[in-house]
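Residue numbers (this note's numbering), protein chains in the order written: chain A, 2 to 519; chain B, 9 to 165.
These are computed hints drawn from the structure, not numbers from a lab.
Zero decoy hints are in this set.
The calculated lysine to aspartate or glutamate pairs, modelled on EDC-like cross-linking and capped at a C-alpha distance of 20 Å, are: (1) K154(A) with E43(B); (2) K99(B) with D80(B); (3) K150(B) with E509(A); (4) K28(B) with E22(A); (5) K320(A) with D88(B); (6) K158(A) with E67(B).
Here are the computed distance ranges between Cβ atoms for each label pair: (7) H130(B) with S310(A): 41 to 47 Å; (8) H152(B) with E207(A): 46 to 52 Å; (9) R33(A) with G77(B): 42 to 48 Å; (10) E290(A) with E111(B): 47 to 53 Å; (11) K118(B) with Q483(A): 38 to 44 Å; (12) D309(A) with H152(B): 45 to 51 Å; (13) D309(A) with S98(B): 17 to 23 Å; (14) V90(B) with P312(A): 21 to 27 Å; (15) L108(B) with E511(A): 41 to 47 Å; (16) E490(A) with K118(B): 46 to 52 Å; (17) A206(A) with R68(B): 27 to 33 Å; (18) Q12(B) with A206(A): 37 to 43 Å.
Note that beta-carbon positions come from the ideal geometry of N, C-alpha and C, so glycine has one too.
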Amino acid sequence: MAAIDAGVKLGTGYPGTPSTEILETFETLGGRAQWSPNEKVALEVGIGVAFSGARALVTMKHVGLNVAADPLFTVAYTRLDGALIVVSADDPGMASSQNEQDNRRYALAAGVPMLEPSDSQEAYEFMLRAIEISERWQVPVLLRMTTRVCHSKTIVKRGTVNIPPPHTPHFEHDFPSRVMIPAYARPAHLRLRKTLAQIAAWNDAEGLNQLVAGSSSVGIITSGIAFQYAREAAPEASILKLGVTYPLPIERMRAFAESVDLCYVIEEGDPYLVEAARTAGIAVEAKPEIYRFGELNTARVRRILNDDSSPEAKPIPGKPPALCPGCPHRSVYNALKNLNCLVPGDIGCYSLGVLPPFEAMDTLVCMGAGIGVGLGMRHSLPPEEARRVVSVIGDSTFVHSGITGLVEMVYNPPESGHVVLILDNGTTAMTGMQEHPGTGRTLAHAHTGKVVFEDLARSLGIKNVHVIDPTQDAAKFEALIQSCLNKPELSVVIARRDCLLATRSIHEYERCNEQPTD
Amino acid sequence: MSNQPTNVVIAGLGGQGVIKASDILADVAFNSGVEVKKSELHGMSQRGGSVSSDVRFGERVFSPMVSAGKADFLVVISQDQVPVNIAALSKGGVLIEPSLIDESKLPNKKSINVALLGVLSHHLPFPVEAWTAALQRNLPEKLHEANLIAFSIGRNQ
Numbered sequence: 002m003a004a005i006d007a008g009v010k011l012g013t014g015y016p017g018t019p020s021t022e023i024l025e026t027f028e029t030l031g032g033r034a035q036w037s038p039n040e041k042v043a044l045e046v047g048i049g050v051a052f053s054g055a056r057a058l059v060t061m062k063h064v065g066l067n068v069a070a071d072p073l074f075t076v077a078y079t080r081l082d083g084a085l086i087v088v089s090a091d092d093p094g095m096a097s098s099q100n101e102q103d104n105r106r107y108a109l110a111a112g113v114p115m116l117e118p119s120d121s122q123e124a125y126e127f128m129l130r131a132i133e134i135s136e137r138w139q140v141p142v143l144l145r146m147t148t149r150v151c152h153s154k155t156i157v158k159r160g161t162v163n164i165p166p167p168h169t170p171h172f173e174h175d176f177p178s179r180v181m182i183p184a185y186a187r188p189a190h191l192r193l194r195k196t197l198a199q200i201a202a203w204n205d206a207e208g209l210n211q212l213v214a215g216s217s218s219v220g221i222i223t224s225g226i227a228f229q230y231a232r233e234a235a236p237e238a239s240i241l242k243l244g245v246t247y248p249l250p251i252e253r254m255r256a257f258a259e260s261v262d263l264c265y266v267i268e269e270g271d272p273y274l275v276e277a278a279r280t281a282g283i284a285v286e287a288k289p290e291i292y293r294f295g296e297l298n299t300a301r302v303r304r305i306l307n308d309d310s311s312p313e314a315k316p317i318p319g320k321p322p323a324l325c326p327g328c329p330h331r332s333v334y335n336a337l338k339n340l341n342c343l344v345p346g347d348i349g350c351y352s353l354g355v356l357p358p359f360e361a362m363d364t365l366v367c368m369g370a371g372i373g374v375g376l377g378m379r380h381s382l383p384p385e386e387a388r389r390v391v392s393v394i395g396d397s398t399f400v401h402s403g404i405t406g407l408v409e410m411v412y413n414p415p416e417s418g419h420v421v422l423i424l425d426n427g428t429t430a431m432t433g434m435q436e437h438p439g440t441g442r443t444l445a446h447a448h449t450g451k452v453v454f455e456d457l458a459r460s461l462g463i464k465n466v467h468v469i470d471p472t473q474d475a476a477k478f479e480a481l482i483q484s485c486l487n488k489p490e491l492s493v494v495i496a497r498r499d500c501l502l503a504t505r506s507i508h509e510y511e512r513c514n515e516q517p518t519d
Numbered sequence: 009m010s011n012q013p014t015n016v017v018i019a020g021l022g023g024q025g026v027i028k029a030s031d032i033l034a035d036v037a038f039n040s041g042v043e044v045k046k047s048e049l050h051g052m053s054q055r056g057g058s059v060s061s062d063v064r065f066g067e068r069v070f071s072p073m074v075s076a077g078k079a080d081f082l083v084v085i086s087q088d089q090v091p092v093n094i095a096a097l098s099k100g101g102v103l104i105e106p107s108l109i110d111e112s113k114l115p116n117k118k119s120i121n122v123a124l125l126g127v128l129s130h131h132l133p134f135p136v137e138a139w140t141a142a143l144q145r146n147l148p149e150k151l152h153e154a155n156l157i158a159f160s161i162g163r164n165q
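This is chain A alone, in the form it adopts within the complex:
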């Protein structure tokens, strides 16, 4: 909604829990949003928008920022004419992720200002403030969210923040500010540090900090969702809630800590604020190490304030997710299990192939890793084991970062050959049925250019390229995989069958797209 109110020209991103709904909602409300093949491309497109004087919103989950880190670190040196807001949706506790990295570290490492909203109202207001900061200082800004801010709903009043209208897009030559060759990047780095010092001074003097007056015995410095827990766990405490958490309002923090007898830092994840405070010589109490893991909540914050690090009660495990009955991935894993394959896997619904009854996926590292890891295994295992390695990757993940793996396979083929199995269910299923370049439909499900995996594989010179529906004939599918494994050649097998949950929508989109639009 804030992106609409701010006149954001273009929203880009790659789906990932808990960030996915942002672009979908922006599009539903009338904004122009598009899925990119991956987060790096999404950010690069956003940079182009901001270089052109317009406002860009780029969304991703926390691990997505690893993929987009390369452009992020250097765009920080450049001068923007428009606004560039990068949303990093972190997942402490790993509700649906492979790690719980704390992306506040990225703001510090890249020198990118960062805002942390603590509820839906602030998500709205901070998005607008982020645009204001981005345009005032001509820098990109990180809007760092966490699962409980993303996946909670709280009441939002619209129109509470007013910012100037966007500029008319126009490109001005400015080589030293935009072309980061060493000669221009050296002064650009100096300029960035100067800008960050100005923003820090503004954050100390003005900023988006909130002071909750309370007892002078206990004070709490906090930010983001942890603020809500702290308010509830310690209604009597004084609280300094930070809105802009990079660069920090260090003098505000110092004055606050000195105004109370005991000052705690309540933060989820890494001891980011604690380390910064202590480096600046501010005496603060840190949480015990056990609270670095998983999400915080009101009860855990209460324990931190009571200095209680006794073992916590473990929640009763719920029913784990499983591949749907009739899911095409089931047929694939049955075959891989029967053939006793070694399966470097990847990220998507098919990651569930690691769980019983299949237990047929051996590795999961990051998006696209299945192909590279498989090649490494083929290069190093003894021949009889190497011949059993099959890399498994989903359709959306393949577009995201599997294509370069395929190029690697062609360029450095293992002696025993290799088999890449693309599980093409026609959608980005795990995150909730988003489109991708392999579906040939846009974020809004309209027809567009389509990347055809088999054509791509053949164009790279891979000899054995097969397309098969794994659910039609189990024996035939298994025999095909076996025959590929037997050859010391490169094979790509595309197991194509629409996701059961998506198939109705896919037919509906296709039907709508075929109707004349005169």
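With chain A's structure known, arrange chain B on it following the hints.
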């Protein structure tokens, strides 16, 4: 309404309408003019795993989540998920479970989530018209009739 927020946890399995039920409840509370926050976990839940959603409303609400052992009401849509979620319920809290409903009376068995909201509605200070309006706002029109019947079966339990 007292100073302490009312805490409701709705739980079940992916695909049972846990989130929908919590949306409807949050809508009712929102339209009554109190502060309301809700929280849910997505992601892998779509694959039939456990799902739960917390709704809190009152004069002032901070955390969007209900602390363990603090739920005033626990609505569980799948009987086998009761043991998994029972720790959420406070002492003296009310458990609302599918065994309270005679499923054979429901025009559509999928409306069990709404039938259980009907049971919950009996304990909350919102008028029945507010619930009816929220159901109609949050569900597609073709499902209105079946769900309104399910709701009144639960409410008159």
